[in-house]
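Can you make the complete structure from the sequences, with help from the hints?
Chains as they are written, first to last, in our numbering: chain U, 11 to 321; chain Y, 1292 to 1626.
Note that these hints are calculated values from the structure, not bench results.
Where a beta carbon is used, it is the ideal one built from N, C-alpha and C, also for glycine.
Some clues are possibly wrong.
What the hints assert, rightly or not - Residues from chain Y shown here face chain U by an in silico Cβ test under 8 Å; the list is partial: (1) 1363; (2) 1364; (3) 1365; (4) 1366; (5) 1384; (6) 1391; (7) 1403; (8) 1407; (9) 1416; (10) 1417; (11) 1603.
To be verified - Derived SDA-like pairs (lysine to any residue); straight-line CA-CA distance at most 20 Å: (12) Y:1385 x U:123; (13) Y:1389 x Y:1315; (14) U:196 x Y:1367; (15) U:196 x U:294; (16) U:196 x Y:1399; (17) Y:1385 x U:312; (18) U:117 x Y:1356; (19) U:117 x U:195; (20) Y:1385 x U:30; (21) Y:1385 x U:120; (22) Y:1389 x U:127.
Claimed, not checked - Simulated restraints, written as ranges between beta carbons of each label pair: (23) U:163 x Y:1443: 51 to 59 Å; (24) U:225 x Y:1370: 38 to 46 Å; (25) U:119 x Y:1497: 45 to 53 Å; (26) U:203 x Y:1450: 28 to 36 Å.
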Amino acid sequence: MNGQSAAKDLLRDWRTKLINPVLGKEFTLRMRTPRSMWALLFYLTAIGVLAFGFLYVFRIDYGIGSAAFDPDRSRIMFLFISLAQLGLIAFMTPGLTAGVVSGEREKQTLNLLLTTQQSSTSIILSKLVSSLGFMTLLVISTMPVFSIVFLYGGISPGQVGTVFVFYLFTMLAFGSFGVLFSTLMKRTMLSVITSYGLTLFLYGGTAFLYLILSLMIQSTMVAQPHAPGHYSWLGYLMGLNPAAALVSIFEPDVSRSVFRVAWSGQTAAEAPIELWQEYFIVYSALTVAAVLLSIRHIRPVLKKKRKKARN
Amino acid sequence: MTERNALQEENLRQADVAAGTDRLMVEIRGLTKRFGSFQALRSIDLTIRRGTVFGFIGPNGAGKSTTMAILATLIAPDDGIVRVDAIDVTEHPKEVRKRIGYMPDFFGVYDQFRTTEYLHFYGASCGIPRAEREALIPQLLELVNLSDKKDAYVDTLSRGMKQRLCLARCLVHDPELLILDEPASGLDPRARIEMREIMKELKAMGKTIIISSHILPELAEMVDEIGVIEQGRMIAQGSVAEIQHRLKAGRILELRLAGRADEAAVLLEGEPHVGRVMRDGELVRFQFAGGDEEQAELLVRLVGRGFRPIAFSEAQTNLEDVFLEMTNGIGGTEA
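Next up, the structure:
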């Protein structure tokens, strides 16, 4: 009996350590709103429509009743679903995180929370983790859709696992940006718009800039041969693009081709860095910076150098 | 807190005991705060002794809420010293938060929580173990008369109930100092009476309470001291009686007439020793700086002009009068 009680206490201790009050509150309140159910329904419907739509188009292409899928096509399908999911993550993450602090401020509950013993770190991390927890639930719930690719071969479970790790990292990074804007901006609307603006720039803007700048350089430079190994700095721009980084994990040639010397049309022998490596390094630094800034700014900076001595 | 900090804190406490300031729950010296070009607080000095119920009065925008938010560690002061229980709010905000219960003038609640869950959340956030909370929360709900609503969702509670729930939240970690910014605002008369009764209980429990309210007669019943703030300046602090005594030169007279109150008010405005004149139906109240002799002469002049007084006496000044007089610069006080 005593053993059972001790085990219960131990479990409760661990639960208390792992789930602090703010995290517990965020999980509870998030799952009590019908919005979460609708978000899950929307997400699964969207990914389902995209996956089955793709499958349908490919079946038509092959002819109804024709032989099984070609593994190469299965690979394309996997990339398509992976990128579609990445797009949905880009769409959902700012919406889930850009109001976590400003929303509390607007509801006038933030000041009450800030006068408790919860540290700024605990509040920010709990809010980030709870939002990402829900996003993770969404992503995991799409596993059955992803499993379709196994029916046709060409993809290993390890590759699917890698994609999910990439998703988690991307959610963490973009989630931390959303939390930062939510902390710095008083209005949720402004924070959401800024978060979506940044997301749009990093997904679409970087690719657009890369294309435009490549064309500009090509049109202004005289074609001249370059020794193998030369590469263009423009490739680094594409390392900031989540979609390019994801594709580069499965298609290593992508990194080399974006780092090609633009005006010669030559492909660099070796990319100075794989796109996904650059992506992880840059976004890790940005994530840490965003989280630290959020922690710093959620409460006023009270401590300052005294002008007068204590009297 | 590190051992060194604890030692320093203990040394400071001993210094406070030696200086005779150990009974102070709140000590504010030269507090200044500016928001952009707006000067919210101008070198405020304020001390509140342990166990005191302190009424903070002043018009909107005078600086009450800013002072309270600084005490609650929510706003950083630009200059000055602010201490709660001898602990500097800028140096050790976490220690200060252990000692305060803060109820802002406007606050929200988590509507999807049940009443007990709401209190459990704040209790846990203040570091109270679950076993203690299980025993404490029913007592708190009883104190604020919400025992019958323990399983209700917060969004089903009336405004008065939410105010009381927020008060229970303030008390969940048994703070020594309660900072209550307009706790009765927006409440109907019954809810205000309930809130006042709770305040009396808290006072009996020995809590130090800082309370601001626009409904001044409510404060008068429960406060030991008042502080009057206007345009970011503390213009008076002391017991209601002390402040009234300070204003004695500007006592208020009441004249009740059988008709022609309008004419009497106009006439009084031109009389010597008469200050501000206020009318309320047939009752005329006015500031009078003269003595008993001058008061008698004034009455004779009024009767001589055909006015028919029913009553002519010195009015019992209340907190509202004190507030109006002080914030209008009557009685030689700075406006």
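The hints, checked one at a time:
| no. | hint | verdict |
| --- | --- | --- |
| 1 | 1363 | holds, 5 Å |
| 2 | 1364 | holds, 6 Å |
| 3 | 1365 | holds, 6 Å |
| 4 | 1366 | holds, 6 Å |
| 5 | 1384 | holds, 5 Å |
| 6 | 1391 | holds, 7 Å |
| 7 | 1403 | holds, 4 Å |
| 8 | 1407 | violated, 13 Å |
| 9 | 1416 | holds, 4 Å |
| 10 | 1417 | holds, 5 Å |
| 11 | 1603 | violated, 50 Å |
| 12 | Y:1385 x U:123 | holds, 13 Å |
| 13 | Y:1389 x Y:1315 | holds, 17 Å |
| 14 | U:196 x Y:1367 | holds, 17 Å |
| 15 | U:196 x U:294 | violated, 26 Å |
| 16 | U:196 x Y:1399 | holds, 16 Å |
| 17 | Y:1385 x U:312 | holds, 11 Å |
| 18 | U:117 x Y:1356 | holds, 18 Å |
| 19 | U:117 x U:195 | holds, 14 Å |
| 20 | Y:1385 x U:30 | holds, 17 Å |
| 21 | Y:1385 x U:120 | holds, 16 Å |
| 22 | Y:1389 x U:127 | holds, 7 Å |
| 23 | U:163 x Y:1443: 51 to 59 Å | holds, 57 Å |
| 24 | U:225 x Y:1370: 38 to 46 Å | violated, 58 Å |
| 25 | U:119 x Y:1497: 45 to 53 Å | violated, 29 Å |
| 26 | U:203 x Y:1450: 28 to 36 Å | holds, 33 Å |
Comparing the model with each earlier hint shows violations of hints 8, 11, 15, 24, 25; every other hint is respected.
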